[in-house]
Amino acid sequence: GAVVSQHPSRVICKSGTSVKIECRSLDFQATTMFWYRQFPKKSLMLMATSNEGSKATYEQGVEKDKFLINHASLTLSTLTVTSAHPEDSSFYICSARDFRPGSGNTIYFGEGSWLTVV
Amino acid sequence: DAKTTQPPSMDCAEGRAANLPCNHSTISGNEYVYWYRQIHSQGPQYIIHGLKNNETNEMASLIITEDRKSSTLILPHATLRDTAVYYCIVRATDKLIFGTGTRLQVFP
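From first to last, the protein sequence lines are chains A and B. Just so you know, we're using the working numbering here: the first sequence kicks off at 1 and counts up by one. Just so you know, we're using the working numbering here: the second sequence kicks off at 1 and counts up by one.
No lab work stands behind these hints: they were computed from the structure. Careful: at least some of the hints might be erroneous.
As the list claims (entries may be wrong) - 25 Å max Cα-Cα, derived BS3-like pairs, lysine-lysine:
no., chain 1, residue 1, chain 2, residue 2
1, A, Lys42, B, Lys52
2, B, Lys3, A, Lys66
3, A, Lys20, B, Lys95
4, B, Lys3, A, Lys42
5, A, Lys41, B, Lys3
6, A, Lys20, A, Lys64
As the list claims (entries may be wrong) - Some chain B residues well away from chain A (every beta-carbon gap over 12 Å; in silico):
no., residue
7, Ala17
8, Asn23
9, Tyr32
10, Ser41
11, Ile48
12, His49
13, Glu55
14, Arg81
15, Arg91
16, Gly99
17, Thr100
18, Gly101
As the list claims (entries may be wrong) - A short, non-exhaustive set of chain B residues, derived as facing chain A with CB atoms under 8 Å:
no., residue
19, Cys12
20, Gln42
21, Gly43
22, Pro44
23, Tyr46
24, Ile63
25, Asp94
26, Lys95
27, Leu96
Just so it is clear, CB atoms sit at the ideal spot from N, CA and C, and this is done for glycine as well.
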């Protein structure tokens, strides 16, 4: 079963509003999670590293005030798209490494969240 | 970070083995080779990863050349559900960087 879960899987919001996407590690703790976005027919682009208890680290060109990341617990990271615009419509995906014994230290991805801004 | 090169697309007949190549000639000694696949509109699915030795699990086999400059992902008996984009990633940290991958089309 899934070890990293995202919610919601699909969301539609009005232009100018904010929307929050959650990423949870199931049954394991993740001090670090990663957020990606993907446009249609394109590859995944890393946006930021979410660090539990500290500020996120953003990749070059990603607006930190636009994409707020909060990693308040060891199993939850949230991505908030603020003042959303139609060009923010995309597929957002998170990942985390499972360090549990027997997991092979595998990096798992969530199911993804489709954001449509109208 | 080591760069990977994959063919943009491949075809495979259902039931046959699918062999997906990946070149990573600048790989460093501490970098792992990861393979993920992405089926349309879903998050990437982990397939397998390795450092030096060949690896096998219930999904696939990973063959890494002795010099580690290339690898091959083998799906032993491809099914229609294996149609996806396959990504080969070489990385030493958790921050995986995706290239363009190989679009594998399995046909009946």
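Reported absence of B:Ala17 from the contact zone with chain A (all CB gaps over 12 Å): For B:Ala17, whose nearest Cβ neighbour in chain A is about 24 Å away, the distance exceeds 12 Å, so it holds.
Would you say B:Ser41 is clear of chain A, with no C-beta pair closer than or equal to 12 Å? Answer for B:Ser41: violated, closest chain A Cβ roughly 7 Å.
Tell me if B:Ile63 is really an interface residue toward chain A, meaning its C-beta lies closer than 8 Å to one of theirs. violated, 18 Å
Would the non-interface assignment of B:Arg81 survive a Cβ cutoff of 12 Å against chain A? holds, 17 Å
Interface hint check: B:Leu96, Cβ to nearest Cβ on chain A, cutoff 8 Å. Holds or violated? Since the shortest Cβ distance to chain A is 6 Å, the answer is holds.
Should the hint that B:Asp94 touches chain A count as held when the rule is a Cβ pair under 8 Å? holds, 5 Å
Taking the least C-beta to C-beta distance, is B:Tyr46 closer than 8 Å to chain A? holds, 5 Å
Given the hinted pair B:Lys3 and A:Lys42, is their Cα-Cα distance within 25 Å? holds, 18 Å
Was B:Ile48 rightly flagged as not at the interface, with every chain A Cβ beyond 12 Å? The claim breaks: B:Ile48 does not keep its Cβ more than 12 Å from every Cβ of chain A (closest is about 9 Å).
Could you check that no beta carbon of chain A comes within 12 Å of the beta carbon of B:Gly99? violated, 6 Å
Checking the smallest CB distance to chain A, is B:Gly101 really beyond 12 Å? violated, 7 Å
Need the status of pair A:Lys20, B:Lys95: alpha-carbon distance at most 25 Å? Holds: A:Lys20 and B:Lys95 sit about 22 Å apart, inside 25 Å.
Hints 1, 2, 9, 10, 11, 12, 13, 15, 16, 17, 18, 19, 24 from the earlier list are contradicted by this structure; the remaining hints agree with it.
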